[in-house]
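**Student:** So you can see what is in the structure, the chains are spelled out below.
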Amino acid sequence: MGYTLITLLIAGLVLLIDRRKLKQYKRKRENRVYFSIFMIGLVMLLIKSAGIEMPSPLNGISYVLKPLTKMM
Amino acid sequence: MKRIVLLPLCALVLFLAGCWNNRELETLGIAVAMGIDKIDHEYVVTVQLVNPSAVSARQSDTSRAPIVTYQEKGKTIFEAIRRVTKVAPRKTYYPHLKILVIGEELAKDGFAEALDLLSRDPEFRNDFYVVVAKDHPADDVLNVLVPVEKIAAQNMFTKLQTSADVFAPTLALTFGELIKDLTSHGKHAVITGIQLTGDAKEGEKMENLQTSNPKVRLKYTGIAVFKDDKLKGWLNEKESKGYNYIVDNVKSTIVAVPCIDDKKRFLSVELIDADTKLKLNTMKPKPEMSVTVKADANIAEVGCAIDLTKQATVDQIEELAEKDINAKIRSAIKAAQDEFKFDFLGFGEVMHRAEPGYWKKVEKKWDKEFVDITIKSKVTVDIEKLGKRSNSFINEMGD
Amino acid sequence: MLEKGKISVRQFTILVALYTIGTAILIIPSILAAKAKQDAWISGLLGLAIGVAMVIFYWKLSERFQYVNLIEILEKCFGKWIGKSVGFLFFVCYVLLLATFVLRDIGDFMTTVMMVETPIEAIHIIFLIIVLYGVKLGLEVFTRTMELFIPWIVLLLVALFLTLLPQIEVTNILPVFENGMKPIVQSSFSFLVFPFLEMVVFLMIIPYVNRPQDTKKAFMLGTIMGGGLLIFISVLTILVVGPTETARSIYPTYDLTKTINIREFFQRVEALMALIWFITVFVKLLVLTYVSCLGIAQVFELKEYRIIVLPIGLVLYVLSLSIFPSISFLIEFTPVYDLYAFLWCAVFPFVVWLVSLVRGGERNKSGTARTESG
Amino acid sequence: MFRKRPNKKLNNDQAQLTQENSTAQAELAQQGEAFTPELLENLRRIKEILGGSSDLVMTDFILGGHEAALLYMDGMVDKVAINHFFEHINRTPEMMKYSNFLSQEEEGTADFFKLLSTPVNRLDEIRFFREAIRAILAGNAVLLVNSVTHGLVIDSKGHKGRAVTESSTENVVRGPKEAFNENGLINTTLIRRKIKDPRLRVERKVIGNVTQTSVAVIHIHGIANDKLVKEVHARLDKIDIDGILESNYIEEFIQDEVYTPFPTVFNTERPDVVAAALLEGRIAIVIDGTPFVLLVPALFTHFFQAAEDYYQRWDIATLLRLLRISAFFISMLGPAVYIAVINFHQEMLPTPLLISLAAQREGVPFPAIVEALIMEVTLEILREAGLRLPKAIGQTVSIVGALVIGQAAVEAGIISAAMVIVVAITAISNFILPAYNMGISIRIIRFVFMFLAGTFGLYGIAAGLFALALHLCSIRSFGIPYMDPLAPFVPDDMKDTFWRKPIFRLITRPRLISQKNNQRQSKSK
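Protein chains in written order, with the working numbering: chain A, 349 to 420; chain B, 505 to 903; chain C, 17 to 390; chain D, 18 to 542.
The hints are simulated quantities; they were obtained by calculation from the structure and are not laboratory data. Be aware that a few hints might be false.
To be verified - Some chain C residues flagged as far from chain A (calculated, every beta-carbon gap over 12 Å): (1) L77; (2) Y83; (3) L252.
Unchecked claim - Stretch-level coverage of chain C by chain A, calculated; a stretch enters the list once three of its residues show a Cβ under 8 Å from a Cβ in chain A: (4) 322–334; (5) 339–351.
Don't be surprised by glycine CBs; every beta carbon is placed ideally from N, CA and C.
With the rest of the complex left out, here is chain A (with noise of 0.2 Å):
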């Protein structure tokens, strides 16, 4: 709980930094980009900060590259 509040207070601190940077391109192609990124990143966060183990891409990149691996 406690871990999910410090997240909540990350996220609103960097908008709260943004907050100018935002208003100052309103509603353009700056601001889908802005928001994409960072509902990604608070996501993330949030399941990271459930508890939730999340699949480390890395995984997947050993998954493809393993058999190549082996080759060499």
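Keeping the supplied structure of chain A fixed, place chains B, C and D upon it in accordance with the hints.
**Tutor:** Then chains B, C and D, alone, in the frame of chain A:
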């Protein structure tokens, strides 16, 4: 404006939350020595803590013992160490560990398993000395109170360092070097032994601190020889010295040689600098290796009437000193090849460096090979100075 | 142009050198010694030689496209859409991933040997805050800052070397070529991948040097300085600690500084020496974060990259915490990673190069006028 | 992290302020009018504008058969000059010849001027009330004659001021002792006396709607960078404020960066320092009413250069510089490193020291960081108290306070002795810095570092140092990077930073500051 308020606020939050590694000095139990024994498949760890207020230079409280020891058992070292917190008043803090004492029983059984924690845990450095307690369990050694240097561990540390520097039958071996020896295939480990004189129980009392001739003392004796991590036996002083010559550990020492005419009187030669080289002479038909020692020396003490103003005399003395050193080296080699039958002198590493191909073949059975190898030794001593007198005043005294 | 600042050739050299050293200085001795043992210096030199060759290749690639940045190179090569998508993949799957590794490295290091009880999150947040602050200030400012760091690094390294001089045992690097060439080549491959191939990110920075045509020498010089230093540190570690211990240690350079002991007086200074790798890791993470922000901003044609710095920092933070569960995972993953990085840093630019050769033929026919519009 | 200062907003506020004050506006309008031929009307109007101030002196007399009046502010004029003026008109017999000089006005005025100008100080002809008011307030006398729509300004400025005395804030053992005082004119003279070159340019402007403070911008033409001079003027012209009482008013307006603890404008009260800066191509701003002259641009390294560095041999100067830089670090990081080491990295201490420190801490009830804060805050209080008290008592208070409190705190077991030592060394190191304002910056930063050290140990300190380095590199002083010549690194300019080369080796001027006329002396073999 909001941000300006926010920044210090965040700093404050961090500050309040962040005391993770924050340890106040007065909450630390500074461990200066540790002893490990093994009783009935359980490790017994003895930790010697400093009592700062009894040691500190300014407001020292002489009525209290400068050191305290705590002892606990455990299936692993770490368990035992953590159990110590049950009895110790403060959290023990190990980076200032000066000396590790291994009990003789544990040494005979093999101590390697006990050491992993010390090399893995970041709290332990690898610059403390390792010694083996001879004839005693380690905790007896750690319980002794010693005068002059109030902290017993500091006493042991300094004593080992000085004796290794100026006398040379002991070996100041740090933990890091020990691990290096243990993992080397070309050299087995050796560790200096420490011995207790007198009754161990007496040593724990404050009286031991208050006399000028303490009843219980700690003294370094000889070198323990290990095969892998198991104690196989002890070298006597002569062999120990020989060992130190071979591994180039001698910085300065004394060689007592008999006077040329009078075999009962002696004179001392002080070695200032000794330099040893181990070499592989030849591989065919059989491997032959050699020890070459070059030493610079001074005349330190003359106990008889000889004419030091003659070069011939000095040459003779040099020869005697060489003979003496050589004898010690031979005795160490003999001990290794005949008595222990394995290589703790490091000839394997010489072979490894000189003949990597051959080494690959014999690496696994090197100890067997080593026993049959011919080892030559050669010692050269150069005497340069006579101290502040030429001939001794003894020469002038009528007979 | 997203970045209006310009840096000088000298600053570029410094940036390259510090970037090479970053994180590698902490662990490279054990990577080199793992297989090559006491011959680490040979595989080091071998790796450096190939590394410099790769660096020249990167520079040639940049030169071929009149020093425009990587995204523009890709657009010219593959057309707008494919170029952008490939570029996006490169920045997300490689540069950002590398950045998370670097961040995690410093966190792991701190929580393993220096501040065991501190949560790794706190370490990451502090480090990230400064890095993001640096990225927001821009290329010009943070390269100037690097110049400020150089004297400290030199000072600390000289101190490190001088204080370790008495403990060197020359016999530690003998015998030479004990196990033949194979382990040496294997180690040098790891060495090549670890700091040198990562130079590919400088394709994003070369355009902002005030005289890009002069960067070739600077690029090589920086690489050789950084690489040389790494080899030097590795050899020093092996000389002092010995090859077996070096190979087994997770942070060998830290162990190395722990052995400093001058007359019982000057000792226990490893926390100060840790400043060297704080600085270099800081530089590396700064460059990587900057490059990923710049790259992603350019892919989406944003007006400035500064706006997405913080959200990317957020992603970086989460990824760095969940990227791998333990050090053992990392050690096991290393060979896979080597290959993965090789694909992105060597194969990928090579493909770009080939494509540009094929298309470049056409371009030459139609004359130089089209070169600019590509 | 640090935002540019909101310049626009400030100006708006100013405009609002003036708008509200509509009566003032009306008065301003009145001031814009020209004189009437009626003397009495003119006098009445002036009196009205000045609100019947009691220090306004109006002397009536007859000049060439016309009523005339001399107006001046009591106390602001040099009485000798006024007396001289009266003696002069009384003694001039030709005066009568011009009794009807008013008939052919244009010619007559010209003669009138000729007549009066010969023996008296500079005379200006004025037509508007505004000008008259300004002249009177500046300490000049205004002569008005009935049925003449011109007035005459007689330069009679002269009020009692401080003499040129020894500097009280920047002392030297060897070197010129004189310092600026509150009189802007004398200050510019002091500078010109040092630089006797036609290229020394002094440009005056008046800033402050109410105070009408005269400000002089001084540079050496051909050495200073023209763009920089223009920039300085532009920034000064933008200032719109009621009053300038001290140079800091101007400093805060013209500095590049507001949200930084570091000063980007240098101030000094020594003419030799100003002269040296001008020769380097920097620009001086002399403000009437304060002995502190501003120098721009001011870079980080300038704050470590004391005047005396150049009056002592180079080796001594170098040693002192190095000492100062180490003092800078000690002063900034001293308590922080101490906290970090004893709370986080106890293994760094030699064993005997650790034991001794542990024994001292035994019984101290506070964590080290709180202990440090208590001591630091006490020290700051003592220092401020010492500054405000009369000189003789001030020193006693700080010394006695520090000694007695320190000793007592240790005895009482509130503070450990080691902490007292650390804090004392830190404080003394702070005094070694030649620039007072840099010293204050360090005091602020020191507290930040203490918090960082208390939270993250040396890691926190390292992080703080990185942020500090980034911040220092990001600020500029009049467009010049603050850390020049360290970052960007200019090898040639290192000759006068951490060390000072012998003076005959200081051949060129700092490259980024003066971009032309770089050579200072011919390269002697």
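**Student:** Compare the structure with each hint and give your call.
**Tutor:** Okay, the hints, checked on the actual structure:
1. L77: For C/L77, whose nearest Cβ neighbour in chain A is about 24 Å away, the distance exceeds 12 Å, so it holds.
2. Y83: 26 Å, holds
3. L252: 31 Å, holds
4. 322–334: It holds, with 11 qualifying residues against the three required.
5. 339–351: Holds, because 6 residues of the stretch 339–351 of chain C bring their Cβ atoms closer than 8 Å to Cβ atoms of chain A.
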